[in-house]
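K.L.:
Build out the structure end to end from the sequences listed, making use of the hints.
6 protein chains.
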Amino acid sequence: LLLNPNTTAALTDRMAGVARTVASPGTTIETATAPRGFPYISSRAEAQVAGAVALEMMAERRDRCDAVVMAAFGDPGLWGLRELLDVPVVGMAEAAMLTACLIGRRFALLTFAAALEPWYRDLVEANGLSARCAGVSCAQGRFSTIDAVQDEMARQLVDAAHDCVRELRPDVIVLAGAPLSGLAPLIRDEVPVPLVDGIAAAVRQAETLASLRPAKARAGAFARPAPKESSGLDPALAAWIAGR
Amino acid sequence: LLLNPNTTAALTDRMAGVARTVASPGTTIETATAPRGFPYISSRAEAQVAGAVALEMMAERRDRCDAVVMAAFGDPGLWGLRELLDVPVVGMAEAAMLTACLIGRRFALLTFAAALEPWYRDLVEANGLSARCAGVSCAQGRFSTIDAVQDEMARQLVDAAHDCVRELRPDVIVLAGAPLSGLAPLIRDEVPVPLVDGIAAAVRQAETLASLRPAKARAGAFARPAPKESSGLDPALAAWIAGR
Amino acid sequence: LLLNPNTTAALTDRMAGVARTVASPGTTIETATAPRGFPYISSRAEAQVAGAVALEMMAERRDRCDAVVMAAFGDPGLWGLRELLDVPVVGMAEAAMLTACLIGRRFALLTFAAALEPWYRDLVEANGLSARCAGVSCAQGRFSTIDAVQDEMARQLVDAAHDCVRELRPDVIVLAGAPLSGLAPLIRDEVPVPLVDGIAAAVRQAETLASLRPAKARAGAFARPAPKESSGLDPALAAWIAGR
Amino acid sequence: LLLNPNTTAALTDRMAGVARTVASPGTTIETATAPRGFPYISSRAEAQVAGAVALEMMAERRDRCDAVVMAAFGDPGLWGLRELLDVPVVGMAEAAMLTACLIGRRFALLTFAAALEPWYRDLVEANGLSARCAGVSCAQGRFSTIDAVQDEMARQLVDAAHDCVRELRPDVIVLAGAPLSGLAPLIRDEVPVPLVDGIAAAVRQAETLASLRPAKARAGAFARPAPKESSGLDPALAAWIAGR
Amino acid sequence: LLLNPNTTAALTDRMAGVARTVASPGTTIETATAPRGFPYISSRAEAQVAGAVALEMMAERRDRCDAVVMAAFGDPGLWGLRELLDVPVVGMAEAAMLTACLIGRRFALLTFAAALEPWYRDLVEANGLSARCAGVSCAQGRFSTIDAVQDEMARQLVDAAHDCVRELRPDVIVLAGAPLSGLAPLIRDEVPVPLVDGIAAAVRQAETLASLRPAKARAGAFARPAPKESSGLDPALAAWIAGR
Amino acid sequence: LLLNPNTTAALTDRMAGVARTVASPGTTIETATAPRGFPYISSRAEAQVAGAVALEMMAERRDRCDAVVMAAFGDPGLWGLRELLDVPVVGMAEAAMLTACLIGRRFALLTFAAALEPWYRDLVEANGLSARCAGVSCAQGRFSTIDAVQDEMARQLVDAAHDCVRELRPDVIVLAGAPLSGLAPLIRDEVPVPLVDGIAAAVRQAETLASLRPAKARAGAFARPAPKESSGLDPALAAWIAGR
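Chains as they are written, first to last, in the working numbering: chain A, 1 to 244; chain B, 1 to 244; chain C, 1 to 244; chain D, 1 to 244; chain E, 1 to 244; chain F, 1 to 244.
What the hints contain is simulated information worked out from the structure, not anything from laboratory work.
Check before you lean on any hint, since a few could be wrong.
Copies of the same chain look alike in the list, so a pair counts if it fits in one copy or across any two.
Unchecked claim - Okay, derived cross-link-like pairs now, DMTMM-like style, lysine to aspartate or glutamate, Cα gap no bigger than 20 Å in a straight line:
1) 216 - 163
2) 216 - 117
3) 228 - 117
P.N.:
What follows is the structure in structure tokens.
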């Protein structure tokens, strides 16, 4: 299940296309687009809300997949999903960064909007990967709609990748942000270091976890919390958290 | 404004009582209790939802205070609030930990439920304070309701504080969790290191920021995000995020 | 008690003025200026001596206040004072940095003399706050006397703040150094991130600790050392350390 | 290609068995066992030599695979291979640790011989993953041959996993060491946290990289070094390094 | 010059004896004992004062040696001395820890008084060596005078070393504290890891720096501060700082 | 014993010359040049092989010295040698960096070939010294043979040192790489911070360890591994590892 906590269906389609390209034979990609929320999450406040919506989305689909991909680069709601789900859940950002760690000693994040930089820097720290990160870079430019980013900014992104390599000296660059999904293969020959696509990485990592079948944690950070009653929440989510 | 993202009004009252005790002359403590959600947040999934509810609560009250205290120890939704608010907002956990840093070189967190330990450990890291933290400890024991924790577990908490001092060697202990509000003065003479109360610390820190009047950030992590339209969200919150 | 370990009384007056502006109703600001030492401490050797003088100054005044502010940015002698005093003591630098942590994810220090940069960088590390610090910046310029710094260098400091925001990407800037006390409100509208004034922060934090009344540590880094006899030292200090 | 730098063919067979179990349809597992060296690498000196032998082994097979798995837990020679190879190479230890990071916040390594502990601790640091690691544990016990470890020590390993969970509080345990390959599914229900098998993780991660097809680095840590002549080395390796 | 900032001449003699044992042929060991201060520094307040006294002691002897050893384990006043001196100055603690880094991956500090533990832990951090330190241990026991520590507590120190190896897993132990000088060779065969003697290490490191003849820094943390006038200080020190 | 794992005898001679200049009276410098391998090691793959050759070289000479200097800046094979040898072994890079820590708070590495930068950055991390390192710099320029580097690039190295001081703000610079041995005294007056020569530092540190006579570790990272049989290796090395 590729779960897009943004409300832009075109973004879901773009990511699903990438997902199907890299998925192993036998893997079926289901998708879900947020029924409410923001066209594109780009702040912590928006991620707070969208992560809660993601929990609701999952509550309705909880028995219907072998693994879940949180398909937004800030990984909103990821840790909550990991507590509640019995099947593995993989965040787009964490998958991209950990996959990058298999390719180089130090990765950089390259994004398309300056406002995302401090958030993505925090994301690196929250994943405990500062020692592996060379920094966060940003392409300069404008785009008309969120779905058009990679088409309209491809040139600026390649330029920014070159600047990034020269200034931060990464061994590998993560293209950071759902709108950049699928761009990596198109520009790979123009950039001197390998590129990682978040959705492609997340889908493969989700398959990996589905294949390894780690037991659901019964202790530690992601053990299932004790069932808890609530009031006023989405009924499906309330039932899920209440263990019903 | 003391904003309790839990639905337990008795907890709000308890915290408000502590707040009024430490507040400076001239400070008025307003309170708000979550209209929907959980009696007591104790997991990441619950914090994800409660943080979104906190944003809604704030959307309705945004012009009505000089500073905000997020009155739950995991600081749910804090960074989102900080982006959106023009007035200062202080988290109970961050305020407690930073205040503890003024008292000792290394603090420990002492809590009352083992399930909170990994979450609170992450909280230390998310605040970039691992270098100042000696660890997270937990009292053993049971309680009947969340509001009765400190009455029913006071003895176990004192014992756990002694174990904590012996094993982790902190210079100061933070009593971690809203239900422990107000306990510090009652047991201070029984524990060999100073204790920090989260609500007391947060209220004073909120006053400090209100007094220092730092400008609202126009750059960096907590600059106001560009206005954004959304769909299907709480109307007050949607209007706030849309800049209306 | 605002304890200035420099010998420049005009600096004490400047800081006392700021202190009185931010102090809560009911707080009285007492001051003390070093009777011997340096007009302005700007090296480790000077701080070593001035910190010892600060202990002597405190030895003569130990019963006469509810909290102490060490009013020099390098916090000379702070940890020694914290061992010996029963009342709270707050350093100007630590208070400024910890207060900045309540405002942004990452702070920068901005100072007025290049020679201070490596020392202030060490100060960040000594406070275990490297994970929260974006770096140390310095304004270019000259000044006639230490008390005239902010008047003569205000323009350069604003320019340097802009450079700092562009290069280091902090969320908040700490104006680092006693001579900059009181400058923050004057230039706040010209700088895109919030500013923190060290004295204002320290005074409020000292009030906070006086209000929270944490017990004196009986274990850990700041427990009162066992009384010890000495020879040849300032009589008041010798008596204090000897527990007389 | 599963490249075993140990000389014990039974170990290769055991690992190949695990590899074939988790491999995707269409993936063929080739194997290679070190023609010279040690039955089982368990020290830095041995890893230094075995890593050089691994380079020789690879020099003979360089065109014959889509991805390489370094099948020994210390990842001997891994970074050298990564410089020289155009196809991806994945280390058993790095793959296990990074995969564990997708399952929990903090992993522990559990091994079977006390002498391996300090080496494996260094391995965590060399991978920049200290912030994600709860520690290294070791089962007590004896074994007759290296291939019999998991049969003879299964009970002690389960006991050690329980001790590890209680003392180090990991969210996930990596079974560290080639001789433990294939044990995870057998004991997963007896341990309260998920287990990660190094070979299974490495094979899946190698497939992932083969599928994502990152470009060979032309800059950074793993760019191909300039061709270099040598003297007295294994002819295939010398030719490879000389770019012939 | 072996500069003892404590006032106990017997301690100076003990350290000088060790120094002469390890010194290279041609090295002459001069000594100086603090003319005022404490018999033995064991707190931050005492170190603040003793460090200032050390500067005075050095001011009187500044032309008379090729290198200086700060002969007290907290390295009081070390960084100030390094700013002012043209010849190298080596701290007993820093020398011991850095020398230990040449012997093992992780060192432990072993001391003889529990009150020193938090101070020594800070010392490790102030030297930026936390990544190399396994922890700080302490022997249990009593001693009659500071000079009798190693005679009266030798047995407890050996026991504590064994506990330290078992619990903290260091590769090497630093005997921390001037009173332990000379003990290492006496107990080396009874402890399973190598031991480092602070004075022996510091004397050899001082010789090393005297031999390498690094230029006096003209930039950075230890460049000579600009000459500065002062008032009321020891005349020799005032003249030195004033550049006279 | 100065052990050069490169095959260039002229480099051995150059380093031996420096070694003899700084060695104490009574120290005899023996040398060994790699009988097979690379003229100059400059990649991880080459270091992997050269480190194994270094073990072979040592196996033939194991009883014939009081201390060993690994005379190549990447310290290839150092930890393996430290396991096996009873006498101290010191790496050129670790000695240079730790000696630099006695001179300044933060050191920079300055090298002569851009390809070495990522490797040397890893070296800093592997030594746990990131907190003390300001960064890695590189001179621009070309050289005809590895032994001619310092003659042909002296001017560029001085220029690069100035750039390094301005950009990275180190307190001390380590001249990184065997070909730079002996350069430090020639350019010391042209660079504003002190310089450290790797061979000079390593020789003095080896003498220091030989003088302190730390016991061979019987526990921890560098305890002698249990004897182990092997197949197909260099006979002297095989015998050494087998404990014969």
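K.L.:
One pair to classify: residue 228 and residue 117, alpha carbons no more than 20 Å apart. Within, between, both, or neither?
P.N.:
Between. Shortest inter-copy distance 18 Å satisfies the 20 Å Cα cut-off; intra-copy 36 Å does not.
K.L.:
Please sort residue 216 with residue 163 into within, between, both or neither, judging by C-alpha distance up to 20 Å.
P.N.:
between (43 Å within a copy, 19 Å between copies)
K.L.:
Tell me, please, which holds for residue 216 and residue 117 at an alpha-carbon limit of 20 Å: within, between, both or neither?
P.N.:
between (34 Å within a copy, 19 Å between copies)
In this structure, every one of the numbered hints holds.
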